[in-house]
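The whole structure should be built from the sequences, with the hints applied where relevant.
Our numbering puts the first residue of the sequence shown at 1, with every later residue one more than the last.
It should be emphasised that the hints constitute simulated quantities derived from the structure, not laboratory data.
You may find that some hints are simply not true.
FRET-style restraints, in silico, Cβ to Cβ [claimed, not checked]:
1) Leu122 x His87: 18 to 28 angstroms
2) Phe138 x Arg349: 44 to 54 angstroms
3) Arg224 x Ala45: 20 to 30 angstroms
4) Ala119 x Gln59: 23 to 33 angstroms
5) Arg334 x His311: 34 to 44 angstroms
6) Ala45 x Ser126: 42 to 52 angstroms
7) Arg224 x His311: 19 to 29 angstroms
8) Lys243 x Thr326: 46 to 56 angstroms
9) Arg224 x Gly353: 28 to 38 angstroms
Backbone N, C-alpha and C fix where the C-beta goes; we use that ideal spot for every residue, glycine too.
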Amino acid sequence: MDVELIDLVRNEMAKRSSLHQEPPLPLAEIVVMILVLNPPLTKHAILEYLFDHVYYYHQLALAFSCQWVSSGQHYNVFSRFRTEFFHVFDLFDVPLIHSNPRAGTSESTLATWTVSSSAVRLFLTSRLFPENEKVDGFPFLRLPPDLRMLVYEFALLLPKSGILMDSSDMLYNRTPRWSFRPELKVFSRGQDSFEQVLGTHPESEPALTPRERGRDLFANFLYRSTLTCGLYGTHLALLVTCKQVYQEAMPVFYGQNNFVCRSLDQLQVFLEATPKARRAHISRITFYYDAYCRRGTHAALRMLKEQERLHTLHVWISEFDWLKVTTTTRPLVRKYKNVSDIPAIQILRSIRGLKEVTFHGDCDTVRYLVGSDMTKEKAFPLTFKAKAKVRRPEVTQLKSTE
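Next comes the structure, spelled out in structure tokens:
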């Protein structure tokens, strides 16, 4: 860790340590400063350091442990602090590094956390280097196009593991549909691929059967914790700067990010809520085709078929779950006897022109029936031009004058 950075952080913490009121800086910044002074630490160790070295939080913990039974005020304040503290580790912009993944997931109490000097300097710039904040305006549009594109990618691109388009508003507040404003959530802070983050390599756990491996993958995909990146509209605030910035930056966000939906219902709402001009640039989509999706949601697959720029598709499906679905009138009668009877099979087979198609889970039959067809080139309809009628000049016979 940088010695100069440690001295700056120690001086900043000394200013806040003796305050009798709540320190006037976000709790996320305090956590990062603690990790700069004492890396690496567990969440429990960070709390101990906070209670021992910051007077306000020391008094808060003492009041909670002694008076929470007789007074609900201390309980409410401490409960809010506890929620905010653990939420810090779920924020994407906070530069925390899970330093010991072998000790368990990031939610484990044994997980240790650390930070890097470069990321801390960027995160605490306004706090440690206030003189650097006084910057005059800059003519951004005068930069060369390639440099502007690098700025757009740095501002709008999120980790390769994908953006989880998931919110309660998507399923329950569908009117009006343009009120869809979910939070952006990602699966990791690093640039690992979707398969690397979720552990979906075929060679992982070779002792498990395909069905058991498929169930583990589904659980990892459906219930994996995520990091919050802020509101959807806030992240895309750059697009409303001017028309030129919109035309240059919008294809970067929609064309280079991977959008992940945990159900076909959420995929449909996401596609419907995205304006057609933006939806046309989507190139990477991952979704889970569950056996209990609502009726009529297969319109989402037809919308995928219309995406001209779509070239990468990840589909999660379990043949075992689909084949055990029963009819509504006779519970013991199976609704689908063969995998080819699943409603989406024919729609997926009609999609063409994809560069990469990957099926995850217990779906060997689906992969055999559909996978090879979706990577074929699109067959464009032939157009015939009507032949114009050519008028032949009339031949006049010259009469003999003899």
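Against the structure, the hints come out as follows:
A hinted range of 18 to 28 angstroms for the beta carbons of Leu122 and His87 is consistent with their spacing of about 21 angstroms. For Phe138 and Arg349, the hinted distance range of 44 to 54 angstroms is satisfied, since their beta carbons lie about 51 angstroms from each other. Taken as a hint, the range 20 to 30 angstroms holds for the pair Arg224 and Ala45, whose Cβ atoms sit roughly 25 angstroms apart. The hinted range of 23 to 33 angstroms is satisfied by Ala119 and Gln59, whose Cβ atoms lie roughly 32 angstroms apart.
The beta-carbon spacing between Arg334 and His311, approximately 36 angstroms, falls within the hinted interval of 34 to 44 angstroms. The hint said 42 to 52 angstroms for the Cβ distance between Ala45 and Ser126, and at roughly 27 angstroms that hint is violated. In this structure the hint that Arg224 and His311 lie 19 to 29 angstroms apart at CB holds, the actual value being about 25 angstroms. Roughly 54 angstroms separates the CB atoms of Lys243 and Thr326, a value that falls within the hinted 46 to 56 angstroms.
Under the hint 28 to 38 angstroms, the C-beta atoms of Arg224 and Gly353, about 31 angstroms apart, fit the expected range.
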